[in-house]
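Undergrad: Chain B: place on chain A using the hints.
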Amino acid sequence: MSKLGQAKRIIFLKTADGQLFEVDEPVAMEFEIVKSFFDENEDAADDTVVPLPNVSAEPLAGIIEFCKAHVEFRANGAAGKDEVKKFNAEYIKEKSNEQLKELILAANYLNIKEMLDFLTETIANRLKNKSVEYVRAFFGIENDFTPQEEEAVRKEYEWAFEGVDED
Amino acid sequence: MGAWSELNEDLLIEIIKRLTLYEDLVTFSLVCTSWLSVAVKEKPRFLSKPPWLMLPPEKPNTCRRGFYSFSDNMTRQVMIPEAEGSNKRAKRCLSSRGWILTISKRWSMALLHPFSRRQIELPHMTTFKNWDYLSSVLYRPHISFITKFVLSSNPFSTSDYIVMVLHGSKRELAYCKPGEGDKSWTTIETSASYNHDVTYYNGLFYVIKDNGQMTACDIRSDMAEQVAEMPSDYLKYPLCLYLVESGGELLVVSRVVESDDISKRRSTYRTSEFLVFKVDLRSNTWTEMKNLGNRAVFVGYNSSFSIEAMLCKSNCIYFTDDSWEIYTDLTSHGGGKDMGIYNLQDGSIEPHFRGDSYSFMNPPMWIAMEERYEPLKELGSGNFVAVKYIGRGKKSGLLHSQHKSTVGTPAYIAPKLLSRKEYDGKITDVWSCVVTLYVMLAGAYPFEDPEDPRNFCKTIDSVQYSIPDYIRVSADYRHLLSRIFVSDPSERITIPEIKQLPWFLKNLPKELIEIEKTNFREALHDQPSQSVEKIMCIIQEAKTPGEEAKVGAQASAGANDLDGE
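From first to last, the protein sequence lines are chains A and B. If you're matching positions, the first sequence starts at 1 in this note's numbering and goes up one per residue. If you're matching positions, the second sequence starts at 1 in this note's numbering and goes up one per residue.
Derived by calculation from the structure, the hints in this document are not laboratory data. Just to be clear, a hint being listed does not mean it is correct.
As the list claims (entries may be wrong) - Cross-link-like lysine to aspartate or glutamate pairs, in silico, EDC-like; alpha carbons within 16 Å at most:
| hint | chain 1 | residue 1 | chain 2 | residue 2 |
| --- | --- | --- | --- | --- |
| 1 | B | 41 | B | 9 |
| 2 | B | 17 | A | 117 |
| 3 | A | 68 | A | 90 |
| 4 | A | 113 | B | 10 |
| 5 | B | 313 | B | 350 |
| 6 | B | 17 | A | 121 |
Just chain A, same shape as in the assembly (with noise of 0.2 Å):
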């Protein structure tokens, strides 16, 4: 039974890969699915190991680290400062495309809003002013339109497929 005034809370976290996580109660709080875990089983005992099967190591480790920056700024009162934009800006320089799509797919399961707008925006940007061709070999993604289907769309919409970027 978890009491007040107690020193820092851990919650365990087991991932599809069977690794175990130890992370600070207010981190996994971040997660909506942790908590609302907690909230359903309120006599859960502290050594309770919270199972996430649909998400594996990697992703969670990267999530981790940012729910972990993220409570801090807010402990901080840095929320919405620069100091945020230059940490989320180096976060996802790193990414591969295949890491982004394993974080945002994870995010959504573990259901936390601040990364998922976070996510959702940078693959927004990613295929702003860009060719179909582009977006799809940027996204590993395979043509299912019938060439018929395709010209179909394509005639309706000519117009809006003049000066893109051809990067």
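TA: Leaving out everything else, chain B in the frame of chain A:
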């Protein structure tokens, strides 16, 4: 490794919300079929953006028109050969609801959707009543005969729409219904006076005359009736009035134009201010407004409209040059000079377009972004509404159980559920049913804060909802919403009560009316109309196979009936 194309719909929607340009949404649509299907659903919301400023052709003999977007300060060149006549000269264009009325030099008329380039032919200009006389007094009738164009609804969403125009030197009313194959224009007789503007509001066309008289016109009877009169103090000559609906209210916008010296015959005119009046049609009360709330109004050669100020400035009037002085001024380059954004709060005017763009024929004009909104088709193609609702309940506790778990899509959940106390499943189901009904009508969630779309809890708990402007709903339906979207479940309307509402009873088949009457009586007098044993018996019956075929057949017959209506 999951593929990017398998991102779930909610995530894709979040990404679309963060795109700013329509082109990016088009690119998004073309990536793969699953992205396309999400983009199609999100498009109406995406397009609720600031309008385009359609610029005159830069050079003759090109099919290109510039569309300027002030939200990102970019002009896009669009190929629209349909806006040119066979003589390679631009046609005269007026706009309404994202559509353009084109008039050729040879007086043929059509509706044109600039981005899809879809065209709808309209009756020829010579089919107006008294055409010979009316056109004989005008110089270049293809420019000056039609001066305003208003659509009652978007031709993409219904074939039952009306094209209304102001025509002739007195700007009289005439209309046609292309969906019914009209071959000529029908003039609506009103008392003789110059009409300033016409708008479609709550199922009627309203016009305002030079003497301040406001008239409502009913197309079904071709009747026009005076409904209000602008107090003479408010009439500031030379008068320039617009009619516009904003947030469900009918507004009269008066544009005050200053002209240094008309006798010099030089276009020195300039808009100095706007006055906005709210008109209460029942009592003929005119109230000057200093605040449009979070809305912006767009006036000029377009049919006047207002939008929610999301990417434009709120409480502002965006105006273009629609002065007739340019035609009397030999030194003028055409219209395009007197444009800007008028701030109703402090009376300041700032520019929205900084380039030079003049034309006699087609001065810059607003094009509303209402394009290709096809609510019926979109709803028909996806069962997502029903699926989401079904996901809300939980299998345990078939009878009057007090549910504890919260399951389902947040947008559909009733307030007490969000606060996670125990709740009465039946009463909250009523709520969810009506949210489903709302989504079916509006194609959007009722409780959604545009600033904070993921946080349904905030808007649902405070029971803030609104019905989007582009959807016409009956007063009965509004009444139902107001009875149902009540935070306290015990105050909320119940199913038996709903079944007594005019909204429910309207067009209900006779057999059903009888059944409903009986049910209501039972519900009133005999609360537990079914005993637990009886219910268990029914459930047992339902579990027995063999009856399915029959039920299925009935259901599909019912669906056919609905389609037939």
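Undergrad: Confirm or reject each hint.
TA: Here is how each hint holds up against the structure:
For the hint pairing residue 41 of chain B with residue 9 of chain B, the CA-to-CA distance comes to about 10 Å; that is within 16 Å, so the pair holds. The hinted pair formed by residue 17 of chain B and residue 117 of chain A meets the criterion: a straight-line CA distance of about 10 Å does not exceed 16 Å. With a C-alpha separation of about 15 Å, the suggested pairing of residue 68 of chain A with residue 90 of chain A holds against the 16 Å cut-off. With a C-alpha separation of about 13 Å, the suggested pairing of residue 113 of chain A with residue 10 of chain B holds against the 16 Å cut-off.
Under the criterion of a C-alpha separation no larger than 16 Å, the hint pairing residue 313 of chain B with residue 350 of chain B is consistent with the structure, at around 11 Å. Note on residue 17 of chain B and residue 121 of chain A: the hinted pairing holds, with a Cα-Cα distance of about 9 Å set against a maximum of 16 Å.
Hint compliance for this structure: every hint is met.
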